[in-house]
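S.K.: The listed protein sequences derive, respectively, from chains A and B.
Following our numbering, the numbering of the first sequence begins with 1 at its first residue and continues without gaps.
Following our numbering, the numbering of the second sequence begins with 110 at its first residue and continues without gaps.
Everything labelled a hint here was simulated from the structure, so no lab data went into it.
For glycine and all other residues, C-beta sits at the position ideal for the given N, C-alpha and C.
Among the hints, erroneous ones may be present.
Examples of chain A residues toward chain B, derived with CB under 7 Å [as the list claims (entries may be wrong)]: (1) Glu5; (2) Gly16; (3) Met48; (4) Gly100; (5) Ala101.
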Amino acid sequence: RKEVEQDPGPFNVPEGATVAFNCTYSNSASQSFFWYRQDCRKEPKLLMSVYSSGNEDGRFTAQLNRASQYISLLIRDSKLSDSATYLCVVTLNDYKLSFGAGTTVTVRA
Amino acid sequence: ETGVTQTPRHLVMGMTNKKSLKCEQHLGHNAMYWYKQSAKKPLELMFVYNFKEQTENNSVPSRFSPECPNSSHLFLHLHTLQPEDSALYLCASSQLTGRTDTQYFGPGTRLTVL
Numbered sequence: 001r002k003e004v005e006q007d008p009g010p011f012n013v014p015e016g017a018t019v020a021f022n023c024t025y026s027n028s029a030s031q032s033f034f035w036y037r038q039d040c041r042k043e044p045k046l047l048m049s050v051y052s053s054g055n056e057d058g059r060f061t062a063q064l065n066r067a068s069q070y071i072s073l074l075i076r077d078s079k080l081s082d083s084a085t086y087l088c089v090v091t092l093n094d095y096k097l098s099f100g101a102g103t104t105v106t107v108r109a
Numbered sequence: 110e111t112g113v114t115q116t117p118r119h120l121v122m123g124m125t126n127k128k129s130l131k132c133e134q135h136l137g138h139n140a141m142y143w144y145k146q147s148a149k150k151p152l153e154l155m156f157v158y159n160f161k162e163q164t165e166n167n168s169v170p171s172r173f174s175p176e177c178p179n180s181s182h183l184f185l186h187l188h189t190l191q192p193e194d195s196a197l198y199l200c201a202s203s204q205l206t207g208r209t210d211t212q213y214f215g216p217g218t219r220l221t222v223l
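Chain B on its own, in the form it takes in the complex:
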């Protein structure tokens, strides 16, 4: 039973749509992350939040907009996406952003942009 949940699990959207991905962690962690996983490619770290503050933005296009209202919830707002944005979007959490902290991943949202 995962302590990190993500909704929706699957999402199909057009390039002009606006949608949001939601992540919730039930582990009492203080750090949350968004990753993108494309087929046959490494996970790409997109955003890091530590105690609700964004501490990392890995040159992610502005069509991806994160929001972290509290330590348990993380959103990824999507607008005017491109077909190449189709991928698995994984949320993760850890106790802290310490480099030795284990990251716990959610099941992911499989996004298809038409």
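Looking at chain A on its own, in the form it has when it is part of the complex:
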């Protein structure tokens, strides 16, 4: 089983729509969770950390479900500029980070 699994998509959504997707992780001892965004042929950049209580940053909401071992990302009121690949990152300790292969979102006009 992969350490971090994501639905590759693509999720094709119209502007203004809401899109949500999950990331599952295999190691129950995982400690920290993040969402990174990677634009086509660019480097990954941190989108947001994921806290146990869930957190929101503008149109983006992240949730953590430790019991079922997944994190989620929800994007409200999608913009064209939200088109990207969203990478799930899970850390086990200070040195062990695992990336998912990414979920591709395409927002169309």
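With chain A's structure known, arrange chain B on it following the hints.
M.R.: Quick look at chain B alone, frame taken from chain A:
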């Protein structure tokens, strides 16, 4: 404007060549990383350096040899690579190797091995 730069941006090499990738961070960070990103696959962490000391080597073949002369510079020396080593090689840095520290990535070197 990225605080992490990488050169070259593109590299084509034969299997018998020797080349080096360079990474420089201008953020005053103490930890640096090398990642490999192949098409449709997750980023693979290759090496971690913390205060110039290598703290992680994820079973990377010896044809990849990292070097960290100081906290701002990181190299990846390549020799006798295989075609399956073709990928995007990303360098990243963070303030510390703490699990909550944000990693800042460079633009990557797209490597093609013929």
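S.K.: Please go over all the hints and tell whether each is borne out by the structure.
M.R.: For each hint, the structure was consulted:
With a cut of 7 Å, the hint placing A/Glu5 at the interface with chain B is violated, because the nearest CB-to-CB distance is about 9 Å. The restraint placing A/Gly16 at the interface with chain B is violated, with a minimum CB-CB distance near 29 Å, outside the 7 Å limit. About 10 Å separates the beta-carbon of A/Met48 from the nearest beta-carbon of chain B, more than 7 Å, and the hint is not met. Hint on A/Gly100 holds. Least Cβ distance to chain B is approximately 6 Å, under the 7 Å limit.
The closest approach between the C-beta of A/Ala101 and any C-beta of chain B is roughly 5 Å, which is under the 7 Å cut-off, so the hint is satisfied.
Consistency note: the structure conflicts with the earlier hints numbered 1, 2 and 3.
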